[in-house]
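One letter stands for each residue in the lines below.
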Amino acid sequence: MNRCPESDKILLFCERELSDVEQAQFELHLKTCIECRHELEQTVADDELLRAGIDEAFARHRVNHRIMEQIRNEKIARPAADVYKGWRYFWLTAFALLTIVAVISLYTPAPQKYHGHANAVMIQALNEESVIKGEKLAVDQLCDLATCEPASLNGCFLFTVAGNQTSVFKMSGRATARISNGLPEFSDAEATFELVSGSIITILVNGSQLKLERKTMIPAPFDTSDLEPDQVNLPTIDKPLVASTTDKTDAIIDGVAEEPCLVDAPAGNASTTEPAAATVSGSETWVDPTLTPGKNPFADEPLELDGN
Amino acid sequence: MNRQERTDVELVQAVLAGELEQFADLVERYEKLVFSFLLTRLNDLQEVEDIVQETFVKAFRHLATFDCERRFAAWLLTIARNLLIDSRRKAGRSIASTDLVNEVMLTDSAREAASQPAEVVVRRERFRTIVVMIQELPEELRTPFLMRVINELPYQEIAEVLDVPLQTVKNRIFKAREILREKRENL
Numbered sequence: 001m002n003r004c005p006e007s008d009k010i011l012l013f014c015e016r017e018l019s020d021v022e023q024a025q026f027e028l029h030l031k032t033c034i035e036c037r038h039e040l041e042q043t044v045a046d047d048e049l050l051r052a053g054i055d056e057a058f059a060r061h062r063v064n065h066r067i068m069e070q071i072r073n074e075k076i077a078r079p080a081a082d083v084y085k086g087w088r089y090f091w092l093t094a095f096a097l098l099t100i101v102a103v104i105s106l107y108t109p110a111p112q113k114y115h116g117h118a119n120a121v122m123i124q125a126l127n128e129e130s131v132i133k134g135e136k137l138a139v140d141q142l143c144d145l146a147t148c149e150p151a152s153l154n155g156c157f158l159f160t161v162a163g164n165q166t167s168v169f170k171m172s173g174r175a176t177a178r179i180s181n182g183l184p185e186f187s188d189a190e191a192t193f194e195l196v197s198g199s200i201i202t203i204l205v206n207g208s209q210l211k212l213e214r215k216t217m218i219p220a221p222f223d224t225s226d227l228e229p230d231q232v233n234l235p236t237i238d239k240p241l242v243a244s245t246t247d248k249t250d251a252i253i254d255g256v257a258e259e260p261c262l263v264d265a266p267a268g269n270a271s272t273t274e275p276a277a278a279t280v281s282g283s284e285t286w287v288d289p290t291l292t293p294g295k296n297p298f299a300d301e302p303l304e305l306d307g308n
Numbered sequence: 001m002n003r004q005e006r007t008d009v010e011l012v013q014a015v016l017a018g019e020l021e022q023f024a025d026l027v028e029r030y031e032k033l034v035f036s037f038l039l040t041r042l043n044d045l046q047e048v049e050d051i052v053q054e055t056f057v058k059a060f061r062h063l064a065t066f067d068c069e070r071r072f073a074a075w076l077l078t079i080a081r082n083l084l085i086d087s088r089r090k091a092g093r094s095i096a097s098t099d100l101v102n103e104v105m106l107t108d109s110a111r112e113a114a115s116q117p118a119e120v121v122v123r124r125e126r127f128r129t130i131v132v133m134i135q136e137l138p139e140e141l142r143t144p145f146l147m148r149v150i151n152e153l154p155y156q157e158i159a160e161v162l163d164v165p166l167q168t169v170k171n172r173i174f175k176a177r178e179i180l181r182e183k184r185e186n187l
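One line per chain: the protein sequences are A and B, in this order.
Take 1 as the starting number for the first sequence in this note's numbering and just add one per residue.
Take 1 as the starting number for the second sequence in this note's numbering and just add one per residue.
Think of the hints as simulated: they come from the structure by calculation, not from any bench.
Treat each hint with caution, since some may be false.
Straight-line C-alpha distance at most 25 angstroms; calculated BS3-like pairs for lysine-lysine [said to hold, decoys possible]:
hint, chain 1, residue 1, chain 2, residue 2
1, B, Lys-170, A, Lys-9
2, B, Lys-170, B, Lys-32
3, B, Lys-175, A, Lys-9
4, A, Lys-9, B, Lys-183
Because the structure is a prediction, the values reported are computed rather than measured.
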């Protein structure tokens, strides 16, 4: 069947998709083309029939009253708008907070570890003047704080705290030490504390927490310089220690022996110090006179340099 | 404010605020759209009624979850489509049926045929033929075509409801009309 070449415009005409000029031209064409006019009428009629038929069916089968009746009678819980919105805001807020925390954690260095619980605290005196519970503690002698707490301390002590990790700190001054909730606690403290080695540790000093880090000290209310182990008083150290068989040197040695010294001075050291050698004079000498003059009595036997 | 002038979003917010009867306006606006959407997909008009009712009741129950940025009509059709799929799955049948409304229409017309003039009978037969042709259209062409012809929605609104570009809607409706014209010529 041959179609009118203009029939393709019928659907566009129905949908009002033609331009004003095209619309006017096609209307003129419809007046002369029976075929296109018939098809247009058929299309429009079909649309109207379809619309009317469904409208008729719809009018017979409307359920609007049933819907509203069900909504009213079944007592459907009214949509909890606030609850839904509240949850929506809750999750949005939670997500935002988690994102912020995640971002911050990315740019924050890992937290330093602290002792959560001290399994054992060992005390070691650093000098002979250190006193625990009124008794002097020998240097290098260890004392378990658990066996003597509360321990009144006066002097310079080294604390070794064993927990998840080990920390060693020094206390100089006066305090009463005990273990409190797994942390070393110092009450009535007039002392300085310094972390010597190991991980950072938190201790309790006069009721407040103190984090001990490397090279950090709290100021002491009094001068504790005389308690510092590195600054012990050595009253005779300025005097030359000599070894001699002369009366003069004997008198010096006797004098040394009579005066207290806080540090043991090995006798061997005295015999090898330069000042001692410098005091040797005259014919009286501590060198064996029977030895061949000019020969170093302490020298090794001559090496046999025979190439082997 | 005149109730008819209230937008869908305003009506939804009113219902959520406790004005239950405002939901009747939403039913009034879109019942025909949902009905026609289902009409060419189901055999049984009683089933169409049930799903239309269920669609609106379900919409009411979940009204608080409605995204006001969307078209209410699009949301309703989504609910209706899901209920239709559930219904077909339970019945063990496919969504596309071969003989839908016309059976009911024929029953209706047959009931009245005796008292109607011949012209009316012919008209009803013509209607049945049209419905059958529309049922044979692909889903993607049928829905915009029915929204255009039956609900007389503008292209732009159809595009928004179906969430497709405007030109796509025009093309689909034009294609549907072409197919219907060819079928009509071949009768």
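Hint-by-hint comparison with the structure:
1. B/Lys-170 / A/Lys-9: With Cα atoms ~14 angstroms apart, B/Lys-170 and A/Lys-9 stay inside 25 angstroms; holds.
2. B/Lys-170 / B/Lys-32: With Cα atoms ~22 angstroms apart, B/Lys-170 and B/Lys-32 stay inside 25 angstroms; holds.
3. B/Lys-175 / A/Lys-9: 13 angstroms, holds
4. A/Lys-9 / B/Lys-183: 18 angstroms, holds
Of the numbered hints listed earlier, not one is contradicted by the structure.
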